[in-house]
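Asks: Given the coordinates of chain A, assemble chain B onto it according to the supplied hints.
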Amino acid sequence: MANSFNAPYADRINRLKEKVLTTYPEIDLENARILTQSFHETEGEVFVLRKAKAFRRQCQEKTVEIWDDELIVGNAGSKIRGGILSADVCWSVLDKELDTINTRPYDKFHLRPEDRKIFEEEIRPYWKGRSNYEAWLAQIPEDVAALRDNGALYIDKKAVRGWGEVTAGYEWFIKNGVNGIVKLVEAQKAGLDATRPGDYEKEAYLDSLLVVAEGMLTLAERYALEADRLASAEKDPARRRELRKIAEICRHVPAQPACTFHEALQSFYFYQIFLFMEQNAAAYNPGRMDQYLYPYYKADHDAGRITPEEAQELLDCLWVKFSEQCLFQDGKSAEYSSGYPMFQNLCAGGVDHQGRDAVNDLSYMILQATMDTQLYQPSLSVRYNMAKNPDAFLRKIVDLISLGTGFPAFHNDEVGIRMLMNKGVPLREALDWNPGGCVETNLAGKLRAYSALADINLGSVVEYVLLGGKCRKTGAQVSIDTGDPRSFATWEEFEEALKAQLHYVIRVVVKASHIIDEICMDRPVPALSFSFEECITSAKDYAWGGAKYNTGNGIICIGVADLINSAAAVRHLVYETKALTMGELLEALDRDFEGREETLRLCREAPKYGNDDPRVDDLAADLFSYIADEIENYRSKFGVMTPGILPVSGNTPFGKEVGALPSGRRAWKPLADGVSPNGGTDLNGPSAVLKSVANIPHDRFVQGTLLNMKIDPEMLHTENGIIRFMALLKSLYSLGIYHAQFNVVDQSKLIDAQKNPENYKGLLVRVAGYTAFFVELGKDVQDEIIARTVHGEKPSRTC
Amino acid sequence: MLKPASVLGADLDTGRKRGTLMSSGTADEKGMIYKIARYAIHDGPGIRTTVFLKGCPARCLWCCNPESQRKEPELAKKVELCRTCPADALEWIGREITASDLLREVEPDRPFWRRSGGGVTLSGGEPLFQPRFVKRFLQLCREKHIHTALESSLFGDWKFLEELMDLVDFFQFDLKAMDPEEHLQLTGLDNRVILDNAARLLRSDKPLLARIPLVPGCNDGESNLRELGAFLERHRPGAHLEVLPYHRMGVGRYEELGRPYPLPDTLPPTEEEMERALGILKDYAIRVIN
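One line per chain: the protein sequences are A and B, in this order. Each residue of the first sequence is one higher than the one before, counting from 1 in this note's numbering. Each residue of the second sequence is one higher than the one before, counting from 1 in this note's numbering.
Just chain B, with the same shape it has in the complex:
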C-alpha cells in the first residue's frame, strides 16, 4: 500500500475558488477515493464498476463503510494480518487520483459493461462532496460513451445536481428517515435539502432507484414507512423502492479504525420484521423490491 503523502491534509475541492467549480474546464481534477469494486451487481443496471469516494457529511449510525466518512486518508489496523506479520498490520485507506487516471483504471471493465448494459457507478462516501472531480470524471465518461450512475445521499446543492442531470444516466439514493428530527439524530444531517432534491429528481424523467436501509429500532416505525411510501407515490407514482435489511458486516471495519460501533446491540431485521415493513410499503403506488 503506497503512502499517499502528497495528499495528507489536502482540502480537496473546498480550498479552491467557487468560480471554477461549475466550469467544465479541462483541468485534470483530483479526487479522493478509497476503493474500486469490480463486478458490482447492486449499484445500477448491468455489471458495474463502482468507485467509492472518500468523505461523507453524514454519520449514519448503521454505516457499514466507516472508512468512507473522513475525507483524509487514514490508517487502519488489519486485524487478520496482525497475528502473522506485524509490519503489515497497518493499511492506508484512501488515495488521491485524477479524473483521467480513474478513467484509465476503470476502463478495463468495458467488455462487461457492453454485454450487460452496465457502466461506472460513483458511490461513497458522498460523491457530491467532491463536485469538480465528480463532474470532470462524468464528463470523461460521457465522451467515451460509458453509462454512468450516481449513488448519493442527495445532501447537496440542487444547482449542482441539475448540472449533473445530463452527465448521469441513473441515480440511486437513500431516504433514511422522513422526519427531520429523526433524520438528524440518525445521520447527523438535516433532511430538508435531501427531500427537496429527491422530489425534484423523482419528478424528472431520470431512471432512478430509491432505497431505504431498514434498521430495526431506528427507521422501521410505521409512520416513517408510510411517509416514505406516500412521498414516493406523490412525486413519482410507480417509483422503484429497494428495501435493504440492515446488516452488521461493517463491525470489523470499526475495530480496524479503532472506533466504537454505534449500534452494538442492533440485530438485522427478522423475516417477520421485513414482511411487516414490505406490507406497509405495498399500500402505496410504488414498486417495492427486496
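If we strip away everything but chain A, and leave its shape as in the complex, we get:
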C-alpha cells in the first residue's frame, strides 16, 4: 500500500521507502566478525580498551555504502535491515537458532550459508564461554529460574541484547563535535596521576574514549570518500551536486560542531549508527529532536539557506533511515516484543527547561515526517502539555492519529515530569524528560537504567493464590504456599494472600536484577558513554554508573486487568453476593469452565475494569499502589527500583502460561495489554475506559504505563469527530493518565490483511509501545489485535 503524498520530493522518499519495504531482514555478521578479529589481537589488554579498539576497527573496515537518492547517509551494518549480532553479549543465541532463525514464528531472519560458516568457524569458537548471556545462565538462582521456567517471569532479554533503553546526549554530541569532546577527555587525562590509586583505571578508560573517537572520525571520512567516488562516476548533475555536498558534510561532522540543519541531522545519524555498531539493542531514543535541532533549522531558515520544504525532505530522508535497523534477539524474546522493534523513540512537544511552551515549527515537521513516510520507525511520541501547548499542535496530533499508523504515542507531559522527579531527578532537569522505548521515561545524556528489565506475569500471581504457589500448567511448586483459599473466610484473607504472592515474586525479581547489574559491569559501552558528560568527567562508563543520574532497573507488570478483574470477581462472587463458593470456583477453573457454563457466566458478568464501575476500580487503585510501594521498597547499587506497566507483546506469550482465571478469561488466552481493559469487557465506550484507567496511580509507575485504544476511523473523518477527540485527549490529560495510543484501523481490514498479507505489506499497527508491520507479526498477535474492542459510536438518534 504505497503512501501517496504530494510534496515535490515525494518520489525520492517513496523510492527510499520502497527499498526498505522490499528488503527481507537478514542476519548481518560483518560487525561480529571484525569484533572477534580485533579481540584476538588485543588479548590481555584492559577490557574496555579492547571494546574500544574493536569499535575502531569496525569503523575502519566495515562496508561503506551510499544508496541512490540518499541525503542522509550511514548504516550500522553491511546491509539494509540487517540483524546485527552482538557476539560479546549473546553469540549463543544464534548458535541455538542456526537452523530455525528463518522459520521461527516471530521476527525471521535470512541467514546466508557463507555467514553461517563465518559464525561457526570464527565467531563461535572465540566467544564460547565469554558472553554476558552465558554468565547470566550460569548465575541465575534457582528461585528465579523456577518462576522464569514456569512462565511467571520474563527476564532474559537484557542478556540477549545490548544496553539500549537509553537516550544518549545527542545535543551535546552535535553541538561539540567529536573533536570538542576529545578536548574534554584529554583535559581529564591531563589531571590524572598514575601513582594515585584508581588513576590507572581512569586513564585506561579515557584512552578507550579517545580510541572510540578515532573510529568515529575514520568512518565519517570513509563516507566522505565514498560520496566523492560516487560523485565522480555520477552522470546526473543534480545527484552529483548532492553527493559532493554529502562528502563535504561528512568531512565536517561529526568531527566539528554542526553548522547547518543538514549537518546536524547527519551528525545525529552518525552517532545513532555508532550506538548500534557498539551493541545492537532496542530503544536508542533520539528524544527531543524538535528541541535540539531547532536552533540549526531556525538559523538556516532565517539566513535563507533552507526552505521549509527542503528541511522536510531531509527529515523524511532521516525517517526512512530509522527503519533500516532490525533488532536481533532470540526467538523467545521476539515473542515478547515482536516486529523487529527498534523503539527509537523520538519526541515532539512539551515544555522547555523554563517550563514554557516548547512547540516550534520543527515539532509540526516531525509529525509531518511520520505522516509522509508512514513507516514503523521512528517510534514517534508527543509530550502534550495541555496548559502550554497550542490547540493547533493537538490538532496536528489527531491528524496523524487518524492515518491509523498507531503514531504518535500520546504522553501526558505533567505526569512524565513527575515520573522523572520520582526517579530522583530535580525539576530543573525533569522538565527536559523524554519518552523512551515503549513508554518509559528518560533524560538525554544524563540517566542510566534498564528501564524494562523484567516482566512479571500477574496472571501467574493470581494462580499462585488459588493453587498455593503452584503453576497450573506444570503442576510445579514455584512460589510460596499461601494456604488453601477454601479456608479463607473473608475477602481480607484472600487479599492478604494475594499481596503475599506479589511480595514474593517482586522480591525474587529484585534479586535477579541485582545479579544482572553485576554481569553488566562487564558490558562497558565507551561509544555510548562518549555523549554522557559525567561519564567523561568521572572517567566512569555508563555501565558502571557514570551517568549523572542512576536508578534501579525497571520491573514491569503484565496482566493488569486480569489481576484486577480476577480479584474483583472473587470478592464479588465468593465474598459479597456469595453466588459461588471458593470450591466451586476452583473446580470450574481447574477444568477451564468445561461443563461449568453457569459459573463462567457469573465470572464474566462480575464487575469489570474499564466500565467506570466503582465495584472493581477501587482494586485498581489499591493493588497498584501496593505494587508500587513494594517495588520502591528496594534499592539496587544504582538507586531505587522502578515500576512500570508496558506489555510490548508479552501479554500474548504470558497468556499461554496461565490457566483459566476468575475474571472469566479462558485458559492460555492472551492477557490484557498494558493498563487496558480485557478485550471485549469494556462496554461503555472510551470515556468509561479512561475513568477506570485513571484509578491506577500512573505517576508512581515511573517506567511508564501503556493504554491501547482502537478507535473506529470513522470517528476521525469528520470535523465534529476530530474536535470531540481533541477534547477526549484533554480529558485523558486532566485525569492524570500518562499515555494512550490509538489504532484506527477497522477489523475487516485486519482480517483481510491476515488472509492476504501480500496486499498489506506496508500496513502498520500499533502493537503495544510500538508500531510494526502487521503482516510480519505472529498469527496469535495478529488475532489479538483483531480481537481488541473497537470503540465507536453509532449515530444515536436520527429519527
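Worth flagging that the hints you see were computed from the coordinates, not collected in a lab. Please note that a few of the clues may not be correct.
What the hints assert, rightly or not - Restraint ranges, calculated between C-beta atoms of paired labels, are given here: (1) A/G680 <-> B/R203: 31 to 37 Å; (2) A/Y24 <-> B/G279: 40 to 46 Å; (3) B/P268 <-> A/Y24: 43 to 49 Å; (4) B/V251 <-> A/G475: 36 to 42 Å; (5) B/E227 <-> A/H717: 28 to 34 Å; (6) B/R248 <-> A/Q477: 40 to 46 Å; (7) A/E632 <-> B/W92: 46 to 52 Å; (8) B/D283 <-> A/D399: 32 to 38 Å; (9) A/R666 <-> B/K282: 54 to 60 Å; (10) A/T474 <-> B/P264: 38 to 44 Å; (11) B/W92 <-> A/G468: 39 to 45 Å; (12) A/G680 <-> B/W158: 46 to 52 Å; (13) A/G475 <-> B/R248: 51 to 57 Å; (14) A/W67 <-> B/D283: 58 to 64 Å.
Beta carbons: idealized from backbone N, C-alpha and C, even for Gly.
Replies: Below, chain B without anything else, positioned relative to chain A:
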C-alpha cells in the same frame, strides 16, 4: 439485567394530579429510561452523556430505536446470544430511575464535559412525555452547573417548553415533514403543535439545531424540503439544519422485539440523492450541515 418488576404497568407521570406537574417541588421524581450513552458526540455541543427516555407518542416509519416507543419495560430477544446461551436470550429494556439517581449515574462523565464544553442530553423516546421527571432532572443539573441539551420531537405543550427554557441550554429537534397530512402518515402525529413550538423556539435566542432525517420516498420530495428551508429562514435566518441520511441500523432491533420493520424496502439515500436535497436546502438563508 434486573427485572424492573416494581414498575411494570406503572403509568409514569400521567397518573398524577395535574397540579403538581408544574411545581418545582423537591420530590425525587421517577422516570423511565432505557439507555445511557457515554462519549456521545452527535447530541449537542462537546462530549455528551445522552440519556434515552422510554416512551414516545410518535411512530415514525424509519424509527431506529423501536425499543424507545412504548413507555413500559419490555422484553427483547437477543438474537446473537440465542445461539450459545438460551437462558440469556431475553433482555429487559427499560428501567425506572429517580432524577437524583440518574444524576449520580451521569456525573462520572464530568471530566469529559469540562474539557469539551459538553454535558447531559435528554433524548428518547420523547422527553416531553415525562415532564415532571425531566424538569426535576434538569433542575438538578442546573444546581450542579451541568450543561443540558434536550432532544425532542417538540410534540408537547408550549407552556411546559417555556418552563424548560431556563433549564435547557441547547435544543435539538427534528422537522420530519412540513405537510400535516404527510406528517401524520409518516409519524402518526399531527405536526401543527410541533411547527408552532418550533417557530417559537426559533424566534427565541436559544442555541439550537434543527434536523431532518432524509428518508427516500418519505420526506425527500422537493416541496417538503423547500417548505422546510423557508420555515427555518422565516423564523431564524441563519438557523443550523443538519440533514441525516436514513440508515437501516435499527432493523435488528425490530427482530429482537418481534415487530415487523415498517420500511422493508427503503434504502439509504444515494450520494446523488443527498446532493440533490442539500442543493435545494442551500437556496435558503440557513446553514446546512451533513
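Asks: None of the hints should be skipped; say for each whether it holds.
Replies: These are the hints, each one checked on the structure:
1. A/G680 <-> B/R203: 31 to 37 Å: violated, 49 Å
2. A/Y24 <-> B/G279: 40 to 46 Å: violated, 53 Å
3. B/P268 <-> A/Y24: 43 to 49 Å: 45 Å Cβ-Cβ, so the 43 to 49 Å window holds.
4. B/V251 <-> A/G475: 36 to 42 Å: violated, 52 Å
5. B/E227 <-> A/H717: 28 to 34 Å: Given range 28 to 34 Å: holds, Cβ gap about 32 Å.
6. B/R248 <-> A/Q477: 40 to 46 Å: Distance hint for B/R248, A/Q477 is violated at roughly 59 Å.
7. A/E632 <-> B/W92: 46 to 52 Å: holds, 48 Å
8. B/D283 <-> A/D399: 32 to 38 Å: holds, 34 Å
9. A/R666 <-> B/K282: 54 to 60 Å: holds, 56 Å
10. A/T474 <-> B/P264: 38 to 44 Å: violated, 58 Å
11. B/W92 <-> A/G468: 39 to 45 Å: holds, 42 Å
12. A/G680 <-> B/W158: 46 to 52 Å: holds, 47 Å
13. A/G475 <-> B/R248: 51 to 57 Å: holds, 54 Å
14. A/W67 <-> B/D283: 58 to 64 Å: holds, 59 Å
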